[in-house]
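Turn these sequences into a full structure, and let the hints steer you where they fit.
Residue numbers (our numbering), protein chains in the order written: chain A, 800 to 1058; chain B, 800 to 1058; chain C, 102 to 406; chain D, 102 to 406.
Keep in mind the hints are simulated off the structure, nothing from the lab.
Treat the numbers as computed from the prediction; the structure is a model and nothing was measured.
Any given hint could be a false lead.
As the list claims (entries may be wrong) - With a straight-line cut-off of 20 angstroms between C-alpha atoms, the simulated SDA-like cross-links for lysine to any residue are:
| no. | chain 1 | residue 1 | chain 2 | residue 2 |
| --- | --- | --- | --- | --- |
| 1 | C | Lys-338 | D | Gly-240 |
| 2 | A | Lys-809 | A | Ala-878 |
| 3 | C | Lys-338 | D | Leu-242 |
| 4 | C | Lys-338 | C | Val-278 |
| 5 | D | Lys-338 | C | Gly-240 |
| 6 | D | Lys-249 | C | Pro-248 |
| 7 | D | Lys-338 | C | Leu-242 |
| 8 | D | Lys-249 | D | Asp-260 |
| 9 | D | Lys-249 | C | Gly-240 |
| 10 | B | Lys-868 | B | Pro-1020 |
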Amino acid sequence: MSPPRLVTMKVASNRRVGDAYRVIELDGDAGVVRSGQFAMLKGAWGVAPLLPRPMSWLAVEPRPSVLIKVVGEGTRLLAAAAPGDELTVLTPLGRAFADATEIGPATRSVIVAGGVGIAPLLWVAEELGGVGAERPLAVYGGRTRADLPLAERMAEITELWVTTEDGSAGTKGRVTEVLDAALDARPGAIVLTCGPTPMMAAVAQRAHAAGRRCIAALEAPMACGYGVCLGCVVPRAGGGFLYVCSDGPCVDAREIEWR
Amino acid sequence: MSPPRLVTMKVASNRRVGDAYRVIELDGDAGVVRSGQFAMLKGAWGVAPLLPRPMSWLAVEPRPSVLIKVVGEGTRLLAAAAPGDELTVLTPLGRAFADATEIGPATRSVIVAGGVGIAPLLWVAEELGGVGAERPLAVYGGRTRADLPLAERMAEITELWVTTEDGSAGTKGRVTEVLDAALDARPGAIVLTCGPTPMMAAVAQRAHAAGRRCIAALEAPMACGYGVCLGCVVPRAGGGFLYVCSDGPCVDAREIEWR
Amino acid sequence: MARPDLEVDVGGGLRLANPVLTASGTFGYGLEHDGIGDVAELGGICSKGLSLAPREGNPPERIAETAAGMLNAIGLANVGVDAFVREKVPALRERRATVIANVFATSVEDFRELARRLDGVEGVHALELNVSCPNVAHGGLEFGVDPKACGAVTRAVRDTTRLPIWVKLSPEASDSVAVARACLDNGADAVSAINTIRGMSVDARTGRIRLANRTGGLSGPAIKPIALRIVWEVHRKLPELPVIGIGGISTVEDAIEMLRVGARAVQVGTASFVDPRAAWNVLDGLRAFCVAQRTTARELVGTAW
Amino acid sequence: MARPDLEVDVGGGLRLANPVLTASGTFGYGLEHDGIGDVAELGGICSKGLSLAPREGNPPERIAETAAGMLNAIGLANVGVDAFVREKVPALRERRATVIANVFATSVEDFRELARRLDGVEGVHALELNVSCPNVAHGGLEFGVDPKACGAVTRAVRDTTRLPIWVKLSPEASDSVAVARACLDNGADAVSAINTIRGMSVDARTGRIRLANRTGGLSGPAIKPIALRIVWEVHRKLPELPVIGIGGISTVEDAIEMLRVGARAVQVGTASFVDPRAAWNVLDGLRAFCVAQRTTARELVGTAW
Ligand SMILES: Cc1cc2nc3c(=O)[nH]c(=O)nc-3n(C[C@H](O)[C@H](O)[C@H](O)COP(=O)(O)OP(=O)(O)OC[C@H]3O[C@@H](n4cnc5c(N)ncnc54)[C@H](O)[C@@H]3O)c2cc1C
Ligand SMILES: Cc1cc2nc3c(=O)[nH]c(=O)nc-3n(C[C@H](O)[C@H](O)[C@H](O)COP(=O)(O)OP(=O)(O)OC[C@H]3O[C@@H](n4cnc5c(N)ncnc54)[C@H](O)[C@@H]3O)c2cc1C
Ligand SMILES: Cc1cc2nc3c(=O)[nH]c(=O)nc-3n(C[C@H](O)[C@H](O)[C@H](O)COP(=O)(O)O)c2cc1C
Ligand SMILES: Cc1cc2nc3c(=O)[nH]c(=O)nc-3n(C[C@H](O)[C@H](O)[C@H](O)COP(=O)(O)O)c2cc1C
Ligand code: FES
Ligand code: FES
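Encoded structure:
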């Protein structure tokens, strides 16, 4: 893995996706990156918010880009960045999907995304297409149809099943509603998932019950993103902790003590 | 004096003046204001910088406007405000020139400005013109010619004498270089001054030596601007302190212990 | 809007109409806000710190800004307790304000004398003892860092007045709970926490120390986490002791956090410099929150988990 | 660029090539920066806090952001002193880093044993004692708030090792000078100041306390004014005692301020999370400042006025 570098990148474009999401494209070099890896982003706003914010790379070609959901002050400021504004970007960070499992022509996959968790999964689907793997089956869930950013793009490169809790699009319910059927539809497929932790826990449990491997792209509050603050733990199966930024974000779901 | 109100105003325009100065016009109502009064300004940048920044009103017609010199983070952010950006404005604050002395048709004045201290003085010159007073004699000094924002406008409404320390415009030296001559040129005139404290101290000393009254528009770091933090003191002649925001900023220079 | 129940009992028989007060030294004498807001609406206002004799305070500079905070070294400038009683209290009564008189001294005797002069004054509803002052009899360390000294001050004031007594905790005490316990044991009705934390500001380029007094008290959002922790500790260990939470409260969220860690009421301080209506805004927000969540101010107290 | 004289003497015979170090717990073991910067260039690096036995640390969440600062409750996760000596020190020697081993324990005996295991280890240049830990023998208050306890720890370590000893002051001591004096009297070569200040973060809406450990240590720009004040107080009262300044140092200006109030060296902490090259940037800035001002690092120390 190449060492992370702190680079200053200009915002090339900032486009609204759905109600509450933004895709921001940057001008610059994100380093050698694969899907599942992330960056720490910060704008020129000084000491408040103080810490940079972790964001999965959505793509690096043609330009490094991220998908942002506004949840607090940091994401609000990032989402408000105008073309020409400078962001500092620490990249590349973390372990990619390809570091946690093989991604090759023979990879059969079921992708399970929740909301903004779509970002690394969209890219891994593209990677899978790039190596000639079977078209993945993707299950994509949100609270309402507004919580499914980039679903159109996902539909182009996967067989896409959508679920919404309010039934405003696709099957009414959560991703778990259709997950068993998805696993049946892709015998032997590996499960790649990213989304809220409770969702990933449920997905891992079902996948394991069905005897499948499951790779999860984890989340945790982070201070540094590169292994020095020891802040980003999740409980490890069998005791102790994993560090999301350096042991992950992409890990085999069996390594995690889900709860 | 009407009580201060905290109002949100949009930046209507932001124009560069000289190298390091900005005139910002706002959309909104600054209240009943006269020259020498000020406002506390802050943008939407949250807790850093925390406190609003005091700025003299440069004018309120056609729009409330201020002249800003960038000296630190707060003024840097204010100066960077773009049209449409919102500022919170606490106004009107402080005692005007007209609260410290009579401003009427009979007022004969020598105005002494240093750098950004021009702001309230330009307006008082306009006020004097408005009531039909004799055209003031203004002495305006800066380090170099770049430190004389709005000198053209001042020249339109006063007889303007310029000084620069490097001789790049007007008389070489400080305002005190020509002050005695100015006082001689306007027998009996009251002196109105605003600028760096050492300049105002020197001006007051010369004015008093010449038997003139001198009204100074003071400066001090401020937290509140409306008399509750007790932070903005300057030593009072004879002991104790004056509060710049509530006893001033415009005070008779004899009230101050200059040092 | 519906009128949710915001009343809180802060001990010593004092019930406040709502839990939003203004902090000492950040709201003048409560008379500077005419035209800005109606002080009668607030839960209470704490006066600028009062001493026996009037004080001019420190020379400039008295304030300096820091990251998400500010330092002040006002030097406890005030009109003196007698002028307060004579000139300020009647005007505050007219405005129907709930007034907490904040007092400070450097000896137990002077604290007692202050209490004596305020006891029975119509329109003063409680005393808040600022113990972040050097204890001249004991080598100059603050009263507030020493449980014994705090206990002694509290006892002396308790023996002198029937007004509710709040002791304002210094965050510089190593063991806030021990100090709070000493206050409780000696007759305090409540503690308020926290006062400012001493800090310093220097100009890197010139080396000039910005405050004439050299050090000053740090306040504002920067200290909120420390304030929450101290209020939480005291409330957890001494649940029977009412705590008034102070430190970095600018928004209704800040106030709710403070109630949740155990404060029965809060004081808005530095935030009033940024927005003179800060305390009223916090109150409005709290009212809206309680309506929306169908709760009361009392019910929020101590609900952090 | 010209090479100004940045060397500083931090006591106990230890001269650092320059006064810019990295703070314990914010720079890993100094081996995580390959490709980011050359650790040999820095004045020194303080290891993650080491205990006798390895520790997993606290469950999540371990960190929370606050206004211009952050809280951490890592729970002193570390590989243990033996693994440090075996695995980390040799790699640090290869990189020619100046290494300060930061150690912590909950008893005087364990501090002594840590010192014993690090004494004579080639590549370890000083010990930094983290005394912001509960003193189990004395009811759980921190060693660091009690001059006597701090003195006892220092004495025990002094009797065990010839390595330079730095005692890291807790900002929660009511009297930092008294603690520093106890350290000096018991053989400390320097004190470093300050460690984090305990704070708390709560979700207003839900009432959830963010850190699993409930409280965490506050660091970052928010605490810089407090750090400057404590360093200034200790330096003024004990000018012979070298002080290493820590707390909110992100920029070269911050570092210069710290030197001016009396620190002989500084440690960059939380700033390294924002920018992994923060310490190198501070060093570059300091070099440029000393060139421009024709001064040296030593000459800046204690020049605040
Ligand atoms: C490896 C990784 C990749 C991520 N990728 C993306 C992405 O592609 N797009 C995207 O929009 N978001 C992504 N996130 C989440 C994003 O980092 C957080 O939403 C952001 O840091 C919140 O900052 P804030 O200031 O807006 O909110 P805050 O005010 O800091 O927090 C708001 C809420 O979000 C929670 N939160 C804060 N930080 C995190 C975090 N790191 N992870 C989860 N919850 C958090 C808080 O507990 C709080 O409840 C990723 C997180 C990680 C760890
Ligand atoms: C009544 C009044 C009217 C003013 N009118 C104007 C005006 O019309 N235009 C204008 O550009 N400026 C004016 N000022 C000065 C302006 O308020 C300060 O320059 C500004 O607050 C500095 O903020 P900052 O964050 O940029 O700098 P900081 O980083 O806060 O400070 C930079 C430097 O400026 C000094 N400084 C900070 N605050 C003040 C202050 N209030 N007065 C003097 N020096 C200060 C600091 O000590 C420091 O040396 C006025 C000040 C007062 C009190
Ligand atoms: C300018 C200023 C003056 C203050 N004066 C006093 C005082 O006279 N007595 C007192 O007990 N506290 C005083 N304080 C402390 C505040 O009442 C409050 O405890 C502290 O500022 C923390 O709250 P905040 O962060 O909301 O400001 C003062 C604070 C400031 C900022
Ligand atoms: C995540 C984190 C972990 C820390 N771990 C330690 C530690 O193990 N030992 C120690 O003495 N100090 C530790 N500290 C304290 C720092 O070394 C430093 O004293 C403090 O953060 C103040 O400096 P700063 O504001 O520059 O971060 C830690 C700080 C942080 C933020
Ligand atoms: S985010 Fe700092 S160690 Fe993972
Ligand atoms: S600025 Fe607060 S009293 Fe003048």
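Do the hints match the structure? See the list:
1. The suggested pairing of C:Lys-338 with D:Gly-240 holds, with an alpha-carbon distance near 15 angstroms, which does not exceed 20 angstroms.
2. For the hint linking A:Lys-809 to A:Ala-878, the alpha-carbon distance of about 14 angstroms falls within 20 angstroms, and the restraint holds.
3. In summary, the hint linking C:Lys-338 to D:Leu-242 is supported, as the alpha carbons are separated by about 15 angstroms, within the 20 angstroms threshold.
4. Proximity of C:Lys-338 to C:Val-278 is assessed by CA-CA distance (about 7 angstroms); at most 20 angstroms being required, the pair is judged to hold.
5. Between D:Lys-338 and C:Gly-240, the direct Cα distance comes to roughly 15 angstroms. Compliance with the 20 angstroms bound is thereby established for this hinted pair.
6. For the given pair, D:Lys-249 sits about 18 angstroms from C:Pro-248 by alpha-carbon distance, which is consistent with the 20 angstroms threshold.
7. Annotation: proposed proximity of D:Lys-338 to C:Leu-242 holds, straight-line Cα distance about 15 angstroms (limit 20 angstroms).
8. Taken as a hint, the D:Lys-249 and D:Asp-260 pair is honoured in the structure, with Cα atoms around 16 angstroms apart against an allowance of 20 angstroms.
9. Between D:Lys-249 and C:Gly-240, the direct Cα distance comes to roughly 19 angstroms. Compliance with the 20 angstroms bound is thereby established for this hinted pair.
10. Under the criterion of a C-alpha separation no larger than 20 angstroms, the hint pairing B:Lys-868 with B:Pro-1020 is consistent with the structure, at around 15 angstroms.
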